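Protein sequences, first through last, are from chains Z and E. Residues 0 to 303, numbered by numbering that gives the first Met the number 0, are exactly what the first sequence covers, in order. Residues 0 to 258, numbered by numbering that gives the first Met the number 0, are exactly what the second sequence covers, in order.
These aren't lab readings, by the way, just hints derived from the structure by calculation. Owing to the predicted nature of the structure, the values given are computational and were not obtained by experimental measurement. In this text, a Cβ means the ideal position worked out from N, Cα and C, and glycines have one as well. Hints are all accurate, no fakes.
Some chain Z residues well away from chain E (every beta-carbon gap over 12 Å; in silico): (1) 18; (2) 24; (3) 34; (4) 43; (5) 44; (6) 54; (7) 75; (8) 76; (9) 149; (10) 153; (11) 155; (12) 156; (13) 195; (14) 204.
Only pairs whose alpha carbons sit at most 27 Å apart, straight line, appear in this in silico BS3-like list of lysine-lysine: (15) Z/271 to E/229; (16) Z/167 to E/145; (17) Z/161 to E/105; (18) Z/26 to Z/9; (19) E/229 to Z/264; (20) Z/132 to E/221; (21) Z/299 to E/250; (22) Z/96 to E/105; (23) Z/264 to Z/241; (24) Z/167 to E/147; (25) E/255 to Z/301; (26) Z/106 to E/229; (27) Z/241 to E/15.
Covered stretches of chain E, going by a simulated chain Z footprint (3 or more residues, C-beta under 8 Å): (28) 137-147; (29) 154-168; (30) 223-233.
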Amino acid sequence: MTNIWVNATKKSILSELIAGAASLGCKNCDAIVIKDADLAEYAASLGSDVYLLGDGGSMAESYVDTIFELINKEKPEGLLFEASVTCRAIAGRLAAKIGTTALADVKHISEDFSTRHLIYGGGAIRTMKSREKPFIAIFGAGSFNPAATMDNGRIIEVPFVKPNWEIKVTSESNKPVATANLKSAARIVAVGLGLKDAADLAMINELAGLLEAEVGCTRPIAEGLDWMGREAYIGISGQFVKPDLYIAAGISGQVHHVVGMTDSKTVISINKDPDCAMMRSADYCAVGDLYEIIPALINKLKEE
Amino acid sequence: MIVVCYKLVPDVPTVKAAPDDSISLKDAEWTVGEYDLVAAEAAAQLAAKTGEKIIGLSAGSAQLENTKLRKNMLSRGCDELFLVQDEELATADSNMTARVLAAALKTMQDVSLVVCGEGSGDMYFRQVGLQVGEMLNVPAINGISKIKNVENGILYAVRSTEGTVQDIEIPLPAVITITADICQSRIPRLQDIMKAGKKPVETHMMEEYGEFSPSVITVSTKAPETTERKNIPFTGTADEIANAIAEVLVKNGFAKGGA
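Construct the entire structure; sequences and hints are all you get.
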């Protein structure tokens, strides 16, 4: 039977990847869990056999050699990873050892393990397949439905294999929890460079409040101007969102951005420029100054 | 010596889809990946402290011969360029690109640190730097959001993951990939651009380093499906437009209906 392994740091994504492996013909896939006994129990409750990698490494990335030894012993067909900084690091280094390319940010995987990806900032979609085994593929949240609870899998403890070198973590702190949860937001108001000042976000926040929407932005607002956190950035190297309502305020609609919001249901663009790219990606194209239209819209919504 | 890896990529708006959905790079304009410019700046800021030389390393197609693109890197802190050329490199996969870069790096002396951007401007797989480090059997780590200093062969840095910020110590030599927001890439001054033309550029062909073949089969490259949109224009005074938007919001259940 097809043997596929999964690795994730978050329970929700681990569950999705287990379901993803099942959709590829691997009913009881094996999960690689690094040090986290609680996560191992969880994976086992979803029917996976779990390789629980024991203490010893300074960070999850220290376990690449441990995982590679397991791969050589057990010879899985493929490995599915969560799209996180940590899993990306592990996937990339394993791919180098295997002699393949980690297929990153997979939009779709077929039964023959060919994968589809957005490239050129979303301007093209490429289908690729690894020449080597195991293949490695990386998936973002929402790629598969969560797995159902099944009979408990086994937990197999695997000792840490000491690598040639190790990066030391001297301190670690949690980032403040992001207030916006754009990925699951049903409504989003997003701003771009049409916004002239960080203070004007108050107006955007007020509109979002009235619509019970989250606030997102384009890349320059989050990186460069730093008016919003990086987690608020929607686009190819940021968040992919699929709300029911997307209001793009002062967004010109570069392909890098549009690719992140193209799955939105109803799109309203507010922009001075009737010919900007965002208008082509909008259902309703409000042509005018956002500094006039948004306050008027806020008043209107307050009346109602 | 610090090495900055960079990639020449087609400028996204100039990548065109043909009516049959195929993608053509024929008329594409080429540029240095924007994340790579950030990497160059991060390297330049570190080199200013350590006094090391910076080499810009790229594996790519004949676009590498473009003088303007060479100056793009040489005017941003690179002292020299080291270029490996082959037409296949324009669309090579992460593993093949990394193998070529690693082969070139093996011929260089005294490399203390290799700095890569967050991801390439075209594929954005965020993999090449990690693979290069692994191939050279040196530490390789991603998500570096701050480079603090180098002391006794250790790079002190801050790493940023989705949920955490880590202070880390990386034994050198090493390969790091930085976050896009680690710093802003600089706008070169006129004198930097003038000087750039005089800096040394070492060029090689890929075949000098052996044979390289792709690690993946590329099945197809096509235009993405686009979502059909209504494109209904709202014009008039701000009030008229606001009313029209409010009507849409009410009709679709996003706002409560009023008077």
